[in-house]
Structures are given as structure tokens and as C-alpha cells.
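Protein chains in written order, with our numbering: chain V, 1 to 81; chain X, 1001 to 1602.
It is worth saying that the hints were derived from the structure and are not from the lab. Incorrect hints may have been included.
What the hints assert, rightly or not - Straight-line Cα separation of at most 25 Å, PhoX-like style, residue types lysine-lysine; simulated pairs:
id, chain 1, residue 1, chain 2, residue 2
1, V, 67, X, 1529
2, X, 1561, X, 1529
3, V, 73, V, 6
4, X, 1246, X, 1288
5, V, 55, X, 1218
6, X, 1142, X, 1112
7, V, 64, X, 1246
8, V, 55, X, 1205
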Amino acid sequence: MMEPEKLHAQLERIFQSVFDRQDLAIEDALTAADIDGWDSLAQINLVVGAEDAFKVRFATAEIKALKNVGEFKRLIAAKLG
Amino acid sequence: MSAFDAAKERLAAGDGPGALAELRRELPGASDYLAQTAGARLAAKITADEKVRAGLTPVRLAILGSSTTAQLPPLLALHGLAAGLALEIHEATFGSYRQEILDPGSALYAFKPQAVLLYVNYRDAEDGAPEAEAERWAGLWKVLRDRAACAVLMNGFDVPAERPGGNLDAGVARLRRVNALLAERAAGGAALLIDCDHLSGVVGKERWHDARFWHDAKQAIAPTVLPRYAAEAAAVLKAAFGRSRKCLVLDLDNTLWGGVVGDDGAAALELGETARGEAFLEFQRYLKALASRGVLLAVCSKNEEANAREPFATRSEMILKLSDFSAFVANWEDKATGLRAIAAKLNLGLDALAFADDTPGERELVRRFCPEVAVVDLPEDPADYRRTLDALRLFETVSVSDEDRGRAAHFAAEAERTSLRNEAPDLASFLRGLEMRAEAAAFRESDVARVTQLVNKTNQFNLTTRRYTEAEVRALAAEPSAWTLSVRLRDRLGDYGLISAVIARKRGDDFEIDTWLMSCRVLGRDVEKLVYNRLVEAARAAGAKTLSGRYIPTAKNGLVKNLFGTMGFSADKEGVWRLPLAKAVLSEVAIDDGAGKASRAA
Chain V
1 MMEPEKLHAQ
11 LERIFQSVFD
21 RQDLAIEDAL
31 TAADIDGWDS
41 LAQINLVVGA
51 EDAFKVRFAT
61 AEIKALKNVG
71 EFKRLIAAKL
81 G
Chain X
1001 MSAFDAAKER
1011 LAAGDGPGAL
1021 AELRRELPGA
1031 SDYLAQTAGA
1041 RLAAKITADE
1051 KVRAGLTPVR
1061 LAILGSSTTA
1071 QLPPLLALHG
1081 LAAGLALEIH
1091 EATFGSYRQE
1101 ILDPGSALYA
1111 FKPQAVLLYV
1121 NYRDAEDGAP
1131 EAEAERWAGL
1141 WKVLRDRAAC
1151 AVLMNGFDVP
1161 AERPGGNLDA
1171 GVARLRRVNA
1181 LLAERAAGGA
1191 ALLIDCDHLS
1201 GVVGKERWHD
1211 ARFWHDAKQA
1221 IAPTVLPRYA
1231 AEAAAVLKAA
1241 FGRSRKCLVL
1251 DLDNTLWGGV
1261 VGDDGAAALE
1271 LGETARGEAF
1281 LEFQRYLKAL
1291 ASRGVLLAVC
1301 SKNEEANARE
1311 PFATRSEMIL
1321 KLSDFSAFVA
1331 NWEDKATGLR
1341 AIAAKLNLGL
1351 DALAFADDTP
1361 GERELVRRFC
1371 PEVAVVDLPE
1381 DPADYRRTLD
1391 ALRLFETVSV
1401 SDEDRGRAAH
1411 FAAEAERTSL
1421 RNEAPDLASF
1431 LRGLEMRAEA
1441 AAFRESDVAR
1451 VTQLVNKTNQ
1461 FNLTTRRYTE
1471 AEVRALAAEP
1481 SAWTLSVRLR
1491 DRLGDYGLIS
1501 AVIARKRGDD
1511 FEIDTWLMSC
1521 RVLGRDVEKL
1531 VYNRLVEAAR
1541 AAGAKTLSGR
1551 YIPTAKNGLV
1561 KNLFGTMGFS
1571 ADKEGVWRLP
1581 LAKAVLSEVA
1591 IDDGAGKASR
1601 AA
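Chain V extracted, bound-state conformation (with noise of 0.2 Å):
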């Protein structure tokens, strides 16, 4: 069980690199509409990393069905239990 606020802190490190945005700062609510640049490319990226990260493993239907950063915390948090 990882804290909330860590779990937090380590994602959206991985958004900024993913986007090349240091200043990006990322909330639940956050889609892939918002960030300019959220393409299939960049969520493969953003998997990539943060199975990386998390050492976690998404599953093939999960990867297309994470489309904001509250399921993005909510699955990574689940996976590790």
C-alpha cells in the first residue's frame, strides 16, 4: 500500500517527462482532453512509465481505458493493493 500523496507526487513526475512539462501539475479530473499532446503515443508512454515506476502491469483492455489521471491513481493504487 503506497500513500496517496506519494502515489501522486511519482505520477505526475512521470506526466511531466511523458509531456516535457516540468511545470505540469496534474488533479483527478485531468483528461486526455486537457493536456495538449495526450495522444495513443503518449499513453503508451505514460503506461510504459508507470509500470516502470509502480512496478505494476496493466492489462491490454485497461491501457485504451485509462483516460483520466483519477482512473490512472485509482487502478495503479488497486494493483497494489
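For chain V, the structure is supplied; the task is to place chain X on it using the hints.
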């Protein structure tokens, strides 16, 4: 901290060439996909003009993919920098490679590629006779060469992890057969195959292809291993455009053998017998294989030349012989000077050299003063030397000729050492940049074991070679008339530990040096000057009028024959070197010794 922070800082400061130099340092194999993708974004900000001015070869590369290639161009461009290439990349529409090749009016030919990469995978191998399949691809290569006069690169087929037929799987056998036939047809320059079956085996086939990303986005190679593929493809490209390294320059002590020949003696070097000794021999076997296919080997070692050569003559376990080396530099000059001499002797540019050394400080100096040289960061454990060197793909060739195999013999035949007197780089500023910190103090109980070891083992930088037992060292530390000094050194690259020991005594008006020794690992780092300053200060504080010492010659300490002379001492008839303290001038030292004086002058 990401692997590319230094490049980022340079770019932010508007220093394109500086950022380029940082990005060109051999890419850390361990850095992950996201880090490399970030590095690739930085690489894209450097102008083509800056790349050409830095000596990179511009190459127009077209990527024709049967699967998604979106992540590949930036990674390939990044790895191209380290390979000496400024890649301009055209990415064909995914899946359209046949049309692009066969249509003379396609965007591919309008791009006028100098190289084409057929980014295909095992799913592109069609059913039917392996011979017909190989023929089909060879036909595409020919069309490309005829129409664009370009180099053709193609992924060999990556046999998948899954085998419905188990050990008798027909698909596996067939793909292997097609790969072998493609290799036969490629030999002679028809195409350059990137051996993806080998590469996928090296990284692990279960990691190489991730079915989730194939189903989701038609990614044939998983993003996490794509940097490794990019490195391999860049290596083949650099071979095609003549940018492969031609000569590997090697350190000796703890690189080719375990131990320090000057201190331990040739007979005591670790070669075989122990597990660690076996690792050095295995590394030598790999190097021998490099040499036999035309890579030149050279030595650049800080050693007395006779000592450096001795193991080749007296240790029968040595796989490498002196005749395997095209140049042999063993002296006490800095290694940047040594590498320039080797390049001049072999009539090669510095950009044809690679340099492998176990000492981080030596590697840093070479990076700083010879940035064109590819520096191999040998890991701590010699068992990992082979793999580390191999993974850098420095010596890729497009073919192996008889001439390549004979090249080393040619250079060896005309070998005679040239004297090394090129202009010296600005060592003072380099040394300051190392941020060296020393701790110099009288022997403490915790120093006794290490000091005793140094006293009994140090042969080269040792003025008197007097040996003492641990009990004697402990007694000296407690003796009121004795003055002792142990020096520990660390810098931003690492901690060298306790590396110098000095024993002196006040006798009347004289402060007499009984023992002064130092590990050769820190030679040329100003430690001896720091010790000199401490001796002068201690002698003055003790009320002495002179500082004196002896040089007692042995077979191995020629290195310090003139140490006292260079420090302003004069020798009398009995061979005692004396320095009148009234005239003594303290040395400028690039080490912070805790007194807050990073460089002190009189």
C-alpha cells in the same frame, strides 16, 4: 536525476555544442525508455549545422516500417549522435513499405535517402519456400539500390518466444532458415542485416515483444527495449558510413590483469587460478577475437615501460601477446597525451579510437581532453568487462576482409615507440574540476592496518622502501619525536581511500623524512605537493631549519628519482637531499584539504 540533465542544462544556457557533447557521451545502457525519449527531445533541439560543425556525418535515412515506427526516429537520432551521425529521418506511412519501394514516384525516392531501414518483423515473413522468401526480400533490396543508390538495412526476423510445436516447431526452424538465407544474400554488400533474432535473445524474447502493445498499437518491439534496438541500428549505420571505431586503447593494471604490476610484481598478478583472475583471461580472449577480425589494439598505461612489458614475457597465461598491439605507450604522462601519440602513430583520427580503463579519473580526463574518443566505463567487476564493451557496439563492420585480419600485423611490423611530447592539456583546471578533497592527519589507530599494507606493498612511489610491521607502525604513531601523515583522497568520481603515508623525525635542526610513499592510482593529482606543503609546515612548526630526505634506488622506484630535485631540494655528497626552510615555497595544490584552502600559495 535523469541521464541527460547535463545536456539539458547546456541547452538551457544556449550552449548547443556543449549539449551535443553531453548527448554524444556513450549512452548509459541502463537508462530507461522514458529517460531516453526525453534525451531524444533534447537532441532534436540541436541544429543540423551544429551537428556538422561538431564533425558528425550527415545521413538521410528513410524508415520503412511494417509496424508502428513513431517512437523510433527520435531514439535513432539520439543514438546516431554517439555513433558520429547527424541523421535526417523520413518516416514512411506505416505498412506501405512495398508501395514506397516499388513506386518510382513515391515520397521515399523524393527524399533521396542515403540509407533505407526496412523495419520489419517475423510477421512479415510469408509462407512458402524459405528460398523464395529470401529471394523476395533480396529483390526489394535491389530495387532500392538501383533507384536510390543507398545503403539498405533490414531487420533480420525475430523468432518469437511462443512455439506451438515446442522444440520441433516448424515456424522457428523456417524463420531461422530464412534468416540464414538472407545473411547469405546480404553478404557482399547487397544489404546490412540487423540481427534481431540475436538481439531479442540478448534482451529476452519475453521482453522484446509485448503482445499488449502489438494489439493496442502495432508495436513490434516493446517500447522498453526500443532504445537497445536503436543502439544496434545506429551501430550498423555507423559502420555503413565509416564511423566505426578502429582501435581500442587499453589500460593494463586491473584492466588486462588483476593487480598493479609495478607494485605487486608480474608473478603476483591475478591471471586465471582465482575466479577474478579467470575473468581477466576471458576479457583477453574477447579482445583477441576483436584483434583477429581487424580491430587494432593499443596499450596506454601509467607504468615503467619495462614493468608494463614484463607480464607479456613472463606470464604464460596471458592470452594477448605484445604482437597483438599496434602501439604500446607506458609512461607517466597523462593519458590524453598518450592517446594523441597513439592516434598519430597509427595515422588515425582521435574519432577512430575507443579507450577502456578501470579508473574513473583516467576516463574523465580523456573525456575532457579528447572528447572525440569513445570512452568505455569498465564496471567494478572484471567479469562484466566483456559484456559492457560488447554492448557499446563500437567496432561494427559491414564486412570482414582478409586485409582487416592482417591489419594488426602490419602496424606491429612498423612499430617503434615515438616519444610523447605533444602539448600538455590544461591539467590544472581539469584537476580543480575534479573537486578533490583530502583528509591529511597523523596516523590514527584505524589507519594502522592500511598504512602497514601500503608500507609493505608500495614499490613505485616510495622514496626509501623501508618496510615496517604493524606493531612498528603502531609504535611510530605513538612516538613523541615522530611525525606521521596519512592522506585520504576523494573526488566527485569516487573515494580512493588512504593513498599516501609519510613518516618523519626531528633531529636537531633537521626535519628528516624517513618514509614517503603514495599509491600510483593518484599520481598526477597534486597529492605529493600537498604532502610537501604539510612537511614544510610541520618542520617549521617544530623549529627545524632544514627538511631532508633520501632517495634509496630500487628496481622499481625510478619514478621518484627526481622528486626532491623538482621540489627545490639539493643533494649533498652522501645523497641526502636538503631544503633550507627559510627558502621553502609552498606549492599550489588543487585539493581542498579541509583547511578551506582549495589552492594555496606562499
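When the structure is checked against the list of hints, which entries are broken? Sort them ascending.
Structure breaks hints 1, 7.
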